[in-house]
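Visitor: With the sequences and hints as input, model every part of the structure.
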Amino acid sequence: MDDRISSLNFSSGGRVALTACQIRMARAALRWSVDELARRSGVSEKTIRRIEQVYGVPNVTLDTMHKLQFCFEQQGMTMIPEDGGAEGPGVRYGRYPGRVLRASPDLDGDSDGERNGTPE
Numbered sequence: 001m002d003d004r005i006s007s008l009n010f011s012s013g014g015r016v017a018l019t020a021c022q023i024r025m026a027r028a029a030l031r032w033s034v035d036e037l038a039r040r041s042g043v044s045e046k047t048i049r050r051i052e053q054v055y056g057v058p059n060v061t062l063d064t065m066h067k068l069q070f071c072f073e074q075q076g077m078t079m080i081p082e083d084g085g086a087e088g089p090g091v092r093y094g095r096y097p098g099r100v101l102r103a104s105p106d107l108d109g110d111s112d113g114e115r116n117g118t119p120e
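Start counting the sequence shown at 1; every next residue gets the next number (the UniProt record's numbering).
In case anyone wonders, no lab produced these hints; they're calculated from the structure.
Any given hint might turn out to be false.
[To be verified] What follows is a set of in silico ranges between Cβ atoms, one per label pair, in the way DEER data are often shown: (1) R49 x A29: 33 to 43 Å; (2) H66 x Y93: 31 to 41 Å; (3) R39 x N59: 20 to 30 Å; (4) A103 x S33: 11 to 21 Å; (5) R24 x Q74: 10 to 20 Å; (6) K46 x A103: 45 to 55 Å; (7) R49 x I80: 38 to 48 Å.
Note that beta-carbon positions come from the ideal geometry of N, C-alpha and C, so glycine has one too.
Guide: Have a look at this one:
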C-alpha cells in the first residue's frame, strides 16, 4: 500500500498533513536554505524543491512529511493544521531569536489574589 498523503484530513500520532506553504513559511522563518533543511531533515534537496513548488498537501510519503515536521518542531515550530476556517493552516514560531517573553498582567492589577481590597 502506498503511504502517500492525499488529503488535508490526515492526522496520525499528533502529526498534521503539512502543506507546501507551511514548509516554505517554516523554512523562511528559520532563514534556512533548501540545502540546510535537507541536511537537517534527511530529505533530499530535490524532494524539498518539488514540495515547495505546489500548493496544498504535496504528494510525498508520510515518512518524508514526518521528517520535515519533526525537524521544524525541534526548532520550536508548531504546525497549525487546516481546520476549514478562514485563516487556514499556518506555522507558529515560539522561540525565535530575540523574542522577549513578558509576564501576563493580572486582570485587576493585583498580584496577591485580592480584588478591590477583599480576598477572593
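Visitor: Next, verify each hint and record whether it holds.
Guide: Verification of the supplied hints:
no.: 1; hint: R49 x A29: 33 to 43 Å; in the structure: violated (18 Å)
no.: 2; hint: H66 x Y93: 31 to 41 Å; in the structure: violated (20 Å)
no.: 3; hint: R39 x N59: 20 to 30 Å; in the structure: holds (23 Å)
no.: 4; hint: A103 x S33: 11 to 21 Å; in the structure: violated (37 Å)
no.: 5; hint: R24 x Q74: 10 to 20 Å; in the structure: holds (18 Å)
no.: 6; hint: K46 x A103: 45 to 55 Å; in the structure: holds (46 Å)
no.: 7; hint: R49 x I80: 38 to 48 Å; in the structure: violated (24 Å)
In terms of the numbered hints stated before, the structure departs from hints 1, 2, 4 and 7, listed from lowest to highest.
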